[in-house]
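Colleague: As a plain string of letters, each chain reads:
Number of protein chains: 2
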Amino acid sequence: MIAFIGGTGPEGLGLAFRLAVAGEDVVIGSRKLERAEAAAAWVRERWPSARVRGALNREAVADAAVVFVTVPYDGQRSVLSELADALEGKVVVDTVVPVTFEKGLARALPVEDGSAAQEAQRLLPRSRLAAAFHTLSAHKLQQGDTIIEGDVLVCSDDPEVKAAAMALAEKIPGLRAVDGGGLANARYVELITVLLLNLNRIHKAETGVRIVGLKAGGPLGDPLDP
Amino acid sequence: MIAFIGGTGPEGLGLAFRLAVAGEDVVIGSRKLERAEAAAAWVRERWPSARVRGALNREAVADAAVVFVTVPYDGQRSVLSELADALEGKVVVDTVVPVTFEKGLARALPVEDGSAAQEAQRLLPRSRLAAAFHTLSAHKLQQGDTIIEGDVLVCSDDPEVKAAAMALAEKIPGLRAVDGGGLANARYVELITVLLLNLNRIHKAETGVRIVGLKAGGPLGDPLDP
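If you read the protein sequences in the order shown, they are chains A and B.
Residues 1 to 226, numbered by my numbering, are exactly what the first sequence covers, in order.
Residues 1 to 226, numbered by my numbering, are exactly what the second sequence covers, in order.
It is worth saying that the hints were derived from the structure and are not from the lab.
Among these hints, one or two may not hold up.
The list treats identical chains as interchangeable, and a pair is accepted whether it falls inside one copy or across any two copies.
[Unchecked claim] Calculated cross-link-like contacts (lysine-lysine; reagent style DSBU-like; alpha-carbon spacing at most 30 Å):
(1) Lys103 to Lys215
(2) Lys215 to Lys90
(3) Lys140 to Lys32
(4) Lys204 to Lys32
(5) Lys103 to Lys171
All chains should be built: construct the whole structure from the sequences, respecting the hints.
Modeller: Structure representation (structure tokens):
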């Protein structure tokens with residue numbers, strides 16, 4: 001079972017939807033039960049066979065093996081501090097981007113730990129962290145009828161957790177998981193997202209990113225560069 | 001004529017070579033004349049019809065309309081401070097990435113101005129800055145027999161300068177220029193390069209980046225997403 005902390009936001013809802021469509025059992029967590037249940041109903045409406053329910057964040061994570069953190073950066077600290085005990089031993093996939101908007105421009109927020117993911121690891125010292133799924137357009141994720149193209153860069157210091165997060169990414173058609181190295185690299189992946197948000201505005205588009213030049217062969221080969 | 005400050009380094013040499021092959025008149029600048037001339041000879045050896053010569057940095061930029069800055073970050077401040085007068089009014093394309101290596105890992109250096117490009121603009125208040133060409137593999141640029149795939153993200157606050165840098169990028173076969181917005185976005189593009197350097201090590205590859213999801217049509221359309 002996969003839980004989403006803050007799963008009613010655009011990125012969390014989009015990822016929950018795509019993973020439910022891929023056959024995963026999903027719990028959408030929120031601070032408000034009604035909002036969580038409305039989000040679950042939204043998913044079921046679009047994909048009637050989805051196994052999805054809504055729950056308060058703490059209840060959502062209780063039975064989950066994998067927990068996605070999909071809150072805005074300014075909410076991460078309080079929600080993770082509250083749930084640290086409930087998240088002990090669990091795989092936590094942090095998707096958070098430390099970004100703010102000023103006059104329509106996205107700008108990275110400074111993070112003392114280096115990245116939102118490293119901050120999450122500090123707040124959750126007994127959880128197993130990966131950083132991933134930052135660069136996917138929330139709006140495209142929510143559209144059921146589109147293949148979402150792009151790479152998911154996955155950073156973790158724990159090889160098992162990295163492999164689990166990469167396998168989840170590849171369950172979503174069109175996406176390729178790319179080993180992004182250790183959690184220290186999460187900073188750069190988070191910041192790519194800030195650039196993409198600005199590119200979206202300039203180009204009136206919903207952009208993503210693809211790494212070119214990776215060796216072909218195997219599931220991680222580059223389909224564009226055989 | 002296009003000049004390269006620090007054109008004997010791997011990125012400068014690679015770009016000078018590719019632009020010379022594309023028919024541009026190129027001057028490779030260095031602090032040492034012998035090194036500049038050796039680099040020019042290297043280009044001519046691989047492309048006998050290349051219009052290329054070597055010169056001391058100051059002499060190299062004298063007749064150039066466009067000047068590439070291709071020095072390591074730790075050399076940028078001193079070389080640009082020295083050449084500020086010679087670069088007045090010129091189009092300056094900054095390719096510099098503020099990066100250091102520790103135990104084989106690339107790590108971004110903090111830059112007070114936000115990015116190497118914004119630092120260059122501060123040092124060259126009367127020059128017209130663009131930031132571009134960061135994410136191209138220096139080694140691939142130097143290989144004459146390969147198409148180098150990827151996007152060149154171009155950031156500038158000056159539309160004419162941005163257009164000029166984008167046009168140069170598209171002279172190199174395989175590359176697509178992407179409007180990266182204002183110079184404030186250079187930070188994110190510079191940091192993508194730090195990630196790519198780490199990906200190169202993890203994947204034993206020479207990676208680049210492509211933005212997906214841009215609208216099709218026109219020279220800036222996405223060839224992968226028609």
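Colleague: Tell me, in ascending order, the numbers of any earlier hints that this structure violates.
Modeller: Structure breaks hints 2, 4, 5.
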